Amino acid sequence: MSTISQITRDEWRFWQRTKTATTILLIGILLTVISAVVNTIKMEDVTHEREHLQHASESRFLEQPDRHPHRMVHYGHYVFRAPSPLSIIEPGVDAFTGTSIFLEGHRQNSAMFSDQRQASGMTRFSSLTPSFLLQVLVPLFVILIGYACITREKEAGTLNIIITQGVNLWHLLIGKYLALVTSGLLMLTPLIAAAVWATARGESLMLTTSFIVGYLLYILIWSGIVLTVSAMSKKSSASFATLVGLWIVLCILVPRIGSSSAVIIAPSPGKLEADFAVLDELRKLGDGHNAADPAFEQLKKNLFTKYGVDTVEDLPINFRGTVAQYSEKKLTTVLNQFAEQRMDEELSQAHIARQFGWITPTTAIRSFSMMIAGSSLETHHRFLREAEKLRFDFVQSLNQIHQNTLDYKADINRHNDDKAARVNSSNWQVLSEFSFSASPATTRLSNSAPYFVQLLFWGVIVLFGIRAAVKGINQ
Amino acid sequence: MKLFTNISREASFLFKQKYLLGTLSVVLLLSIFSVWSGLSEMASQSSTIERLQEKDRTDRENVLAHQSNYGSAAYYTFHLTYSEPSPLAFAAIGQRDVYPWKHRVRMLALEGQIYETDADNPELSFLGRFDFAFLVSVLLPLFVILLLHDIRSSEREAGRYDLLVTTAVKQKYLWLPRALVLCLSLALVLLLPFIIGAFISGALLVDVLLICAVVAAHIVFCAGLIVWYTSIKLAVKQSSTQIASVLLSAWLVLTVLIPVSSDVAINKMVTSPKGGDILLLQREAVNDAWDLPYESTWNAFLATHPQWREYTDMGPSFEWKWYYAFQQVGDQKASALSQAYRQSTVNKDVLAGQFALLSPPMLAQRLMSSVAQTDTYAAMRYEQNIRAYHAALRHFYYPLMFTKAEFSLETMSELPQFSSYSTK
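Heads up: the sequence lines are chains A and B, in that order.
Taking numbering that gives the first Met the number 0, the leading residue of the first sequence gets 0, the next gets one more, and so forth.
Taking numbering that gives the first Met the number 0, the leading residue of the second sequence gets 0, the next gets one more, and so forth.
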């Protein structure tokens, strides 16, 4: 044990002496600290802003004057997606999806105003988020610090001396490995601090812990890759070229090839194209504004038998409200069916891109990180579903008021006597509060499991790599 | 002549090295993949637009067959607008995956519709695409570093440096041909797939040459920087790997740090109204109009459309002209905010263009998407086209509604077509 820690300490001492490694390390730590601070401030602002907008939108709805209930159906309501606490480290798709939706009757609008659409376009490759730094840049820093950790000893001829002195080769490698891992860990500390902050903000401890464990594993993997390549190479220059090549391929190329492939393998026709099919279906359902539409003949007959009357005027309820309710329900079923189909398409594209986690640990950690942080595509989809549920509830409640509270004759006569065809504004209380929070811890943990397995797979690969390197040196 | 013999000598040396051939073939494969995936994505976008055009036309015909007045015809018919990918869009997808390139609008208030996006899968946009522009802007410098960083130091490490320098007539005959051969072969493997791709998609020769010039300029910049750095005193003492580390850090600064900090700076410099506020304002205006006396709608409407002053008398029941007038008024009320919003997008883009001068990779990226018409500017122009087309729809319908013209499908056949408003 003491040999190992001795070797680790020696490596550190060497880094301090040559200064290059310490410079890189300092830059790495500085960058992660800055990004963690900047991102935390930004996300806090965003959270407050969206909460504020949510409240403003709700009170505006409640403050509306007496009106025809159907007018409120079209007046509509806004909902905003609050980011999860761990977004301060991994904002995920947040910048690429709209963060607010306008909810109104008869329509499912898409989320609007994504940050990227209002951005300078400078952050398409890189971004100042802790996750980008840790997933893409920290591996490069570990490479720059450690590419020569074994080849240096080979080139100086000290490796043979160390071995002939009776030092176990495994101990030597583990010692060097620990030195590399500690350098990576130093760059991880700002993330740990941010994760603690997120826990204080109400994120479950189990989540933040596994978040850190995932990144720890990622550092272990990259340190292992650096060690293996350095141990297998004869010269520092060869080790350097191989590692930088690997970094380009694994951190930059493969993830993007993954997303380009997903588009080609599973093309998604997009919302617009589905809209035609939706419209086709909807026209068959009849227009809910027009109670005379033949599509509602059966509904009318059923009501006549139920209440034992012969005319719409004799019904104890407002038939126009009934039709609005009936058609909104049918229409929503159709809309949801297409919305679900679209979400499935997006998910299957994402799944293809995520399979590239078997080819690069960067994709694995990215998927894992988004899942745990609650900033993945799945979370956005859940937001869409919850917003839709709210939409359906308030629209149907208003339709119910239309049916039960508003007199049919006044309703029919609304163009002549607008004032009589209104209901009291206290009815607008039917709108329930909307507060979006990411999925519960257990869901996020179980969703992230496949990507953790990918990371473990990379851990095993690295172990095999180190073993092969040991064999190579022994020969 | 001298230079040529030098070049052919260097070429014959260099191409015997396996690692060089390996690197070049990897670059060739990457270039092929980027071009192929770009081409197939743009082909699928074009065919999507074609399918949509067909569906849009039949859908509108079906709807119009059931209408009896212009008001409901305008209410129930949607109109497809689209931004056709330019022949070079395959090389630089640019902002096309963030901004919409297809949109359906109605004659209702435009501000309520235009921010709807049928955007691409956000997770894929987040991961980013592997297009030719990415290869050129982000990866190309890394390839040049890999190929050129040890141009001097490898000779030094092999102990041949002093011998070479003393036997050469002039130093520049020694390093220049070698750098030239490496850069030319890199340019060749990068550009060959691109040129074939451009030929397949039928791009203009000028545009292809422009892109080639951007690629060449980026290579020259990177190679120049490296050759310069390896020649200065500081680098003489450094090993190949130390030189490469320094160059990698330079890449990091130019490709990551400068763009990221410019983004922060730009967001501080440009204040933009919130998109949500435009929608809110427009919605309040349109919804309140139902409760307001007719005059208030008409006054606001006539301020911009005085020609309909004599046609505003209202009957006892609902009238479409009034409905569309308050839709128009809703747009007018949100207009200042909406313009400020667009202006801030333009301002950000202009600033980004200036900041990009500090970062050649960003500059290359921006120039390429500008040539390929996939930049923010192109997206804004598409939005402008939608606005122009929407205005044309109003221009078409208003006389029919205000004069209470008899509905006829023949008149409807003169409905403006988006294709005549789609400027390049």
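Worth flagging that the hints you see were computed from the coordinates, not collected in a lab.
None of the values given here were measured: they were computed from a predicted structure.
Any given hint could turn out to be false.
[To be verified] If the Cβ cut is set under 7 Å, some of the chain B residues that face chain A in the computed set are:
1. VAL137
2. PRO258
3. THR270
4. PRO272
5. PHE317
6. GLU318
We put the beta carbon where it would ideally sit given N, CA and C, even for glycine.
Margin query: For a quick check of understanding: which of the numbered hints are violated here, in increasing order?
Written below: 3, 4 and 6
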